[in-house]
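Number of protein chains: 2
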Amino acid sequence: MKNHNFSAGPGILPQEVLQEAAQACIDFGGSGLSILEVSHRGKNIIAVFDEAVALVKKLLNLNDDFEVVFLQGGASLQFSMVPANFLGNGAAYLNTGVWAAKAIKEAKYYGKTEVVASSEDRNFAYIPKDYNIPSDADYFHFTSNNTIYGTQMMEFPESPVPLVCDMSSDIFSHSLDASKFSLIYAGAQKNMGPAGTTLVIIRKDFLEKQQRALPSMLNYKIHVDGESMFNTPPVFAVYVAMLTLRWLDKNGGIEWAEKRNKVKSELFYKELDRNSKFKGTVDIADRSQMNANFVMADGADEDLFKTMLKDAGISGLNGHRSVGGFRASMYNAMGLDSVQALVDVMKAFEQKQG
Amino acid sequence: MKNHNFSAGPGILPQEVLQEAAQACIDFGGSGLSILEVSHRGKNIIAVFDEAVALVKKLLNLNDDFEVVFLQGGASLQFSMVPANFLGNGAAYLNTGVWAAKAIKEAKYYGKTEVVASSEDRNFAYIPKDYNIPSDADYFHFTSNNTIYGTQMMEFPESPVPLVCDMSSDIFSHSLDASKFSLIYAGAQKNMGPAGTTLVIIRKDFLEKQQRALPSMLNYKIHVDGESMFNTPPVFAVYVAMLTLRWLDKNGGIEWAEKRNKVKSELFYKELDRNSKFKGTVDIADRSQMNANFVMADGADEDLFKTMLKDAGISGLNGHRSVGGFRASMYNAMGLDSVQALVDVMKAFEQKQG
Chain Y
52 MKNHNFSAGP GILPQEVLQE AAQACIDFGG SGLSILEVSH RGKNIIAVFD EAVALVKKLL
112 NLNDDFEVVF LQGGASLQFS MVPANFLGNG AAYLNTGVWA AKAIKEAKYY GKTEVVASSE
172 DRNFAYIPKD YNIPSDADYF HFTSNNTIYG TQMMEFPESP VPLVCDMSSD IFSHSLDASK
232 FSLIYAGAQK NMGPAGTTLV IIRKDFLEKQ QRALPSMLNY KIHVDGESMF NTPPVFAVYV
292 AMLTLRWLDK NGGIEWAEKR NKVKSELFYK ELDRNSKFKG TVDIADRSQM NANFVMADGA
352 DEDLFKTMLK DAGISGLNGH RSVGGFRASM YNAMGLDSVQ ALVDVMKAFE QKQG
Chain W
52 MKNHNFSAGP GILPQEVLQE AAQACIDFGG SGLSILEVSH RGKNIIAVFD EAVALVKKLL
112 NLNDDFEVVF LQGGASLQFS MVPANFLGNG AAYLNTGVWA AKAIKEAKYY GKTEVVASSE
172 DRNFAYIPKD YNIPSDADYF HFTSNNTIYG TQMMEFPESP VPLVCDMSSD IFSHSLDASK
232 FSLIYAGAQK NMGPAGTTLV IIRKDFLEKQ QRALPSMLNY KIHVDGESMF NTPPVFAVYV
292 AMLTLRWLDK NGGIEWAEKR NKVKSELFYK ELDRNSKFKG TVDIADRSQM NANFVMADGA
352 DEDLFKTMLK DAGISGLNGH RSVGGFRASM YNAMGLDSVQ ALVDVMKAFE QKQG
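Sequences listed follow chains Y and W, in order.
So in the working numbering, the last one in the first sequence is 405, and the numbering has no gaps at all.
So in the working numbering, the last one in the second sequence is 405, and the numbering has no gaps at all.
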């Protein structure tokens, strides 16, 4: 029976990438050695990093105004690195949930942090629309997709100041003008690879604004100058990210992913809206294509539904600890067949419940 | 032909660990899913972390006075985290080479840093012996094994202040009283696993001394409270580290490794001292069992030696970029047969050169 992996993150990866990753653990590129036990300074590993950077730039259509590095520490370390490097007079943040709030908390350590808008009043069930970004802010920070709630910004605000975005859970999932951003970061473990590395894309002219003396590991310039190898990088995580980007590129890049993600999410949401036994939890206009959150209708038998999911090979559908309910994460690597399998269970459940 | 992997780091791992790691990339523990694409909050992943922590404590004979966490960012991030958390009035450091010097540089960002002794006068070819550790220092920091030069401290100073040690390249390689240390850290990629995670062992009473407000990701307390999962951890790197520790434990633990490492290094150094075509570069008393540095005697044909190494399946023997020459890294996972293969080439080279 096929497994249908709806895990919110670390999330599903392409089968061919997993096969290739396994092979490299035994024999990397015919070298006779495992990728886990060779120097990161070897030509074959440097080639992996070069290809990963080139793929990021190709897929996002970025020119040489941008630097691309792979770091450690996840988005959580970026929550600190962004203000450590760029918060001088003050920064503006949009609060769309737990991860945005964590970024705000870390920014406050470094200086004045203004929250321009928040959707906390309705437990982050929507994306705030009307707000002003102060023109004297050092940057405006927001989270493009909120995995915990299932909301997503598919379009981005016009901003008088540099845009900084946490794209951890929807990077490479739909087309966008990445060149509008001064800094994009993304933990790999949703659309791009396994846990253990973080992609950072940064405009060169924004990088020049970094002035503060900093511990080396928090300094973007040092990582850029070291081409992701200021210190020993997480080689395997970057390798698997590279394979995943290669897979995406081969299949048609972000345009291909965008079409597929649209079809998948429409299939799911159509059933959610039709089915009397389930209810969505966020405003329809702000629904995420990556993470669809829902709860059961009153009186529906949650245990039965969970048993039916398990019997159908569906896993990872639990909601985040902080909100409960269910969450169907449908990242790039998920095929339409998995969403169909879930929809089939939802239909069968409704029939059983009568 | 067998590969003999003398890489200084990331370094050699046990073959059975690599096989198991590859298998987990396809199907982790019969779950039907890859370890690369499942939630770190799953019971089976939490079990991996629990076992890794238990193995560290068992192998190092540590009681519950100690906390064990697996972090990201390598020893390089520890260079900052140690002073960020514990440097108040001032800290004492021993300078035994590039890595120690990097730790000193980062400490200076946080406060007064006294270098109690340095072996820089002879390019770090020895370990300083006579120095005083000021009794008012917050801690004394040193590097137990210096991979770049091939020096190692097998015994440790009596200290009036808490001992903090970077054991990245010789942890688990010989027996020691780990309970004497207030904090030990080690990048995994030498004796313990692949690049991408860092082991930190910290005494609970030392942890209580942390007072400074810090970015969350630099705060040991937050990582300890989160049991290595304050944020998404590098699951695969920790898994492979756990497998490597399990392999070590199964074979007889540190006592077994210690005997094996002694035999290996004695075999190598005996040949180095006998062979007229090679010279060691560090004081005999301070030679490392992990990394043996050497250069060619005047007039010996380096290209011929390199060709002979290659023909014998020996790789990773180049010295660090900063010192040149050769370096034979003989970490725990290396068998005596690989050292014998190297010794055989050295003998054959001497005969050819006449």
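These aren't lab readings, by the way, just hints derived from the structure by calculation.
Remember, predicted model here, so these are calculated numbers, not experimental data.
Heads up, a few of these hints could be off.
Put simply, identical chains are the same to the list, so a pair is met inside one copy or across any two.
[Claimed, not checked] Each computed DSS-like pair below joins lysine-lysine, with the alpha-carbon atoms no more than 25 Å apart:
id, residue 1, residue 2
1, Lys-108, Lys-159
2, Lys-231, Lys-260
3, Lys-310, Lys-321
4, Lys-361, Lys-94
5, Lys-321, Lys-272
6, Lys-53, Lys-163
7, Lys-260, Lys-398
8, Lys-94, Lys-53
9, Lys-301, Lys-159
10, Lys-94, Lys-357
11, Lys-159, Lys-321
12, Lys-260, Lys-156
13, Lys-163, Lys-403
14, Lys-403, Lys-310
15, Lys-398, Lys-180
16, Lys-159, Lys-357
17, Lys-403, Lys-301
18, Lys-108, Lys-163
19, Lys-272, Lys-398
Going through the hints against the structure:
no.	hint	result
1	Lys-108 with Lys-159	neither (32 Å within a copy, 37 Å between copies)
2	Lys-231 with Lys-260	within (17 Å within a copy, 45 Å between copies)
3	Lys-310 with Lys-321	within (16 Å within a copy, 66 Å between copies)
4	Lys-361 with Lys-94	between (45 Å within a copy, 16 Å between copies)
5	Lys-321 with Lys-272	neither (46 Å within a copy, 46 Å between copies)
6	Lys-53 with Lys-163	neither (51 Å within a copy, 60 Å between copies)
7	Lys-260 with Lys-398	neither (55 Å within a copy, 57 Å between copies)
8	Lys-94 with Lys-53	between (38 Å within a copy, 21 Å between copies)
9	Lys-301 with Lys-159	neither (42 Å within a copy, 48 Å between copies)
10	Lys-94 with Lys-357	between (49 Å within a copy, 17 Å between copies)
11	Lys-159 with Lys-321	neither (41 Å within a copy, 59 Å between copies)
12	Lys-260 with Lys-156	both (22 Å within a copy, 23 Å between copies)
13	Lys-163 with Lys-403	neither (55 Å within a copy, 71 Å between copies)
14	Lys-403 with Lys-310	neither (33 Å within a copy, 66 Å between copies)
15	Lys-398 with Lys-180	neither (35 Å within a copy, 75 Å between copies)
16	Lys-159 with Lys-357	neither (41 Å within a copy, 55 Å between copies)
17	Lys-403 with Lys-301	neither (42 Å within a copy, 52 Å between copies)
18	Lys-108 with Lys-163	neither (33 Å within a copy, 43 Å between copies)
19	Lys-272 with Lys-398	neither (53 Å within a copy, 47 Å between copies)
Against the hints set out earlier in the document, violations occur for numbers 1, 5, 6, 7, 9, 11, 13, 14, 15, 16, 17, 18 and 19.
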